[in-house]
Structures are given as structure tokens and as C-alpha cells.
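Engineer: On the provided structure of chain W, position chain U as indicated by the hints.
Number of protein chains: 2
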Amino acid sequence: MRSRFKPWAADLIDTHPEIVIPDPEQKKGKWQEVFGNKHPLHIEAGTGKGRFIIGMAKANPHINYIGIELFDSVIVTALETVLEEEHGIPNLRLLKVNAKKIAEYFDKGEVDRLYLNFSDPWPKKRHAKRRLTHESFLELYEAVLPENGEVHFKTDNRKLFEYSLTSISEYGMLLKEVSLDLHDNEPEWNIMTEYEEKFSKKGQPIYRMEAQFSVS
Amino acid sequence: MRSRFKPWAADLIDTHPEIVIPDPEQKKGKWQEVFGNKHPLHIEAGTGKGRFIIGMAKANPHINYIGIELFDSVIVTALETVLEEEHGIPNLRLLKVNAKKIAEYFDKGEVDRLYLNFSDPWPKKRHAKRRLTHESFLELYEAVLPENGEVHFKTDNRKLFEYSLTSISEYGMLLKEVSLDLHDNEPEWNIMTEYEEKFSKKGQPIYRMEAQFSVS
Chain W
1 MRSRFKPWAA DLIDTHPEIV IPDPEQKKGK WQEVFGNKHP LHIEAGTGKG
51 RFIIGMAKAN PHINYIGIEL FDSVIVTALE TVLEEEHGIP NLRLLKVNAK
101 KIAEYFDKGE VDRLYLNFSD PWPKKRHAKR RLTHESFLEL YEAVLPENGE
151 VHFKTDNRKL FEYSLTSISE YGMLLKEVSL DLHDNEPEWN IMTEYEEKFS
201 KKGQPIYRME AQFSVS
Chain U
1 MRSRFKPWAA DLIDTHPEIV IPDPEQKKGK WQEVFGNKHP LHIEAGTGKG
51 RFIIGMAKAN PHINYIGIEL FDSVIVTALE TVLEEEHGIP NLRLLKVNAK
101 KIAEYFDKGE VDRLYLNFSD PWPKKRHAKR RLTHESFLEL YEAVLPENGE
151 VHFKTDNRKL FEYSLTSISE YGMLLKEVSL DLHDNEPEWN IMTEYEEKFS
201 KKGQPIYRME AQFSVS
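As they're listed, the protein sequences go chains W and U. Letter by letter, the first sequence follows residues 1 to 216 in UniProt numbering. Letter by letter, the second sequence follows residues 1 to 216 in UniProt numbering.
Excised from the complex, chain W in its bound form:
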């Protein structure tokens, strides 16, 4: 997700290393020290403006969250939202890095769950490798999740969801839950992303799955 160029974004990010962690590879295996507790760690790849991960962190104080987003111009909005909170959000950190490199930042099993929300569909076949549910990304997630670790994925994009169902199945993962219209009887625990609100207001179905790596 890109927004207009914000030349001041990099400066604001640099002045808040307590929230946007500047050297995540040095924290590998030590995230419990960063958070100062042993709570489970859930991460989101492609956090965008942060509405989902911030909502989750506020709703679940006994889970630690890390949002990963490459682009200054959008992650800065997440940072601003955190800064507006009177007491901050102690169980949330942000990483301004490429999700492709997560195995450099987390040990095997250090991440308890991974979220993907409204990822770029990369509709052209020759770009399939860039989809966050492509086999090459599933390998990365498996490298940081425990055995039986889960990936929770939401999208409004039908073709990306169709692709993801087969990609995840062919990787050998289990589909634990599937919803083909999440907002028909929306679960109370659901936290909407910016995109989700926009698309569900238009009456478009939101697709969601929970998939699990299986013990090999």
C-alpha cells in the first residue's frame, strides 16, 4: 500500500526507535526481552496504516504484536496513531522492513501467529511469486512459526483468495476455517482494516481463512 510521498515520514520514524525498531536483526530470538514479558507474539506482514494491528493490540493486551510494512509513507500513519494514544500501546512494535526477510528477524517458533490482510493481489500470472501466499512466502512463514503455527488471511480479492486456497493446500497446510462472506454474521472478535471497511460497505464479500502448518 503506497500513499503520496511524505518527506517528513523518515524523520518521524527515526525519532521513535522505541516503536519502529531500527535494528530488528539484532532482536532475533530476543523479542520477549523487547516486550519485557513472555506473552505470545503475533505479527502482520503488510501492515499498511496499521488499523488492524493497532486494533488487535488494544483488544488483546496479553498478546504482543509486530506490524511489518516496507513503505515510510504508510507506516508513518501507524506510528502517528500509536503516538496519539495517551499511554502508548505497550504490546505493539512496528518494523519498517521487507516481509521477505522475516527469517532474519525471528527465530523458528518465535512467532506464534502470522496475519495477512488485503495483500496486494498481483493479478498477472508472471507476478504470482510476489503474492504473499505464494509457496516461497509460505516457506518463510514456516521458518518463523512453530509446528502447527497458523496463518490468518483476509482479502476482498476473489482471485487472490482462490489462488491462495490452492497454494496453501498444495504446500501441505490444513484449512482450519474458511469464510466466503465474513460480514454475513461478522464475528465479534473481527477487527476491520481500512480496506475491509471500504469494500464491505460496498457490499463486496470479504474472504477469510485460518490455515495451519502440519507436522511433517
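To be clear, the hints were calculated from the coordinates, so they are not data collected in a lab. Hints are supplied without guarantee of correctness; some may be wrong.
It does not matter which identical chain is used: a pair holds within one copy or between any two.
Derived SDA-like pairs (lysine to any residue); straight-line CA-CA distance at most 20 angstroms [as the list claims (entries may be wrong)]:
#1 K159 / L182
#2 K176 / P123
#3 K125 / E177
#4 K176 / T166
#5 K38 / E194
#6 K38 / K108
#7 K159 / E147
#8 K125 / E186
Structural biologist: For chain U alone, coordinates are given in the frame of chain W:
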């Protein structure tokens, strides 16, 4: 699928044992003799009035088809349609039996593909065992299909499809193809069922999957 009571249906069925095979357990392992060739055999569980299986049989003369349907009052319509064909449909047979008993009628590997179309959704949780994609049915299909045999499934019922995706995944089957709106860019090979035409005309999406048993 039930229709109004047709007292004459049983008689018409009994007078056409060359189409509605009366003793299928005696044909187990011998279906190539029944058809007089060694073409692949595809079966449909829950054939209803037969529009799908008849359409498939006419479109694919080098594949043998068997439609399975328990109720006289609907299978008789399939029989009547076959009888209306000037030269019959040599690569089609019908079985008026319960799909639960298919392992009594076919040897392991004797069936090359199994179709499920617009099966009863059995929406109540306590009736889940009756859904044709319940684990207990998948076991039956596995007993008659070869290793890597495929089940092709279409429905307009979202909740049945959601259930089936997880049921099939948890059984250890692979999802090879998934469409969440078959009639958006309908494949040329698609043969519509009665239900399918009715629901897609209303603008409801038709869901479809191809799932494969994996080598254990």
C-alpha cells in the same frame, strides 16, 4: 432432490434395466463389460433429474458415465430424457441406489472421477454427517477412486462450500482448483445443472472445486 410422487416411475424404471441397472452389486469390477469398452468411468453422486450427467455423456463420448440417485421420482426424469434420444446415450447408465453404498458397486480404482453437484446442504450441525463432503463420504469415494483420484464439486450454497473446503483439507486431500464465482468467465466445458441455471440467473455465485486424494 425430491419431486412430487410419481406412482408410474417405478414401473418405467423396471422396464429399462439396460439404462437403470437393477443389480449393480453384480457388476462390481465388471463395468467395462457393461459398457463394452475400456474408457474411463466418471460417476455422479446425487444425479437428480440428470441434466449434468446427460450433458457430460453427450459432450464426452469417450468417457463412460454413471449417475446415482436414490429417488424414483427424480431419476425417472433422467431416464425419460435418455429415452427421448433417438440413438440413446450408449456411454451412460443410471443407478437407483444410495450413494452410501458405492463401495458395494465399484472396485478400488474402477471409478476414475467422482462428481458432486448441488448436494443437499444439510445446514444443521447435527446433520453434518449427511453432507456428501463429510469425512465418512470421502472415505467411500477414496475406496472406489484410484490413488490421486479426483472429486469435482459444485454448489450455490456458501456454507456447504466453506464446510467442504475444510472437511476436504482435513481429510488430507489437495485442492487443485477453486472457483468462487464459476459464471464470471464460465469455462466452455462447464455443463450446467438445473439448480445451477436457476441460481446463476439470480446472480448468485456458483462455487466449484477440484480436489484430489493424495498418495498416502
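Engineer: Next, verify each hint and record whether it holds.
Structural biologist: Hints, one by one, checked against the model:
1. Taking the closest pair of Cα atoms, K159 and L182 come within 20 angstroms of each other both inside a single copy (16 angstroms) and across two copies (11 angstroms).
2. Taking CA atoms no more than 20 angstroms apart as the test, K176 paired with P123 passes between copies only; the shortest distance there is 19 angstroms, against 26 angstroms inside one copy.
3. Taking the shortest alpha-carbon separations for K125 and E177, only the inter-copy value of 15 angstroms comes in at or below 20 angstroms, while the best intra-copy value is 27 angstroms.
4. When the C-alpha separation of K176 and T166 is checked against a cutoff of 20 angstroms, the pair qualifies both within a copy, at 14 angstroms, and between copies, at 6 angstroms.
5. Taking the shortest Cα distances, K38 and E194 never come within 20 angstroms of each other, neither inside one copy (30 angstroms) nor across copies (57 angstroms).
6. Proximity of K38 and K108 under a CA criterion of 20 angstroms is satisfied intra-copy only: 16 angstroms inside one chain copy versus 52 angstroms between copies.
7. When the C-alpha separation of K159 and E147 is checked against a cutoff of 20 angstroms, the pair qualifies neither within a copy, at 29 angstroms, nor between copies, at 29 angstroms.
8. Taking identical chains as interchangeable, the C-alpha atoms of K125 and E186 lie at most 20 angstroms apart only when they sit on different chains, with a minimum of 19 angstroms there against 32 angstroms within one chain.
Consistency with the previously given hints fails for numbers 5 and 7, ordered from lowest to highest.
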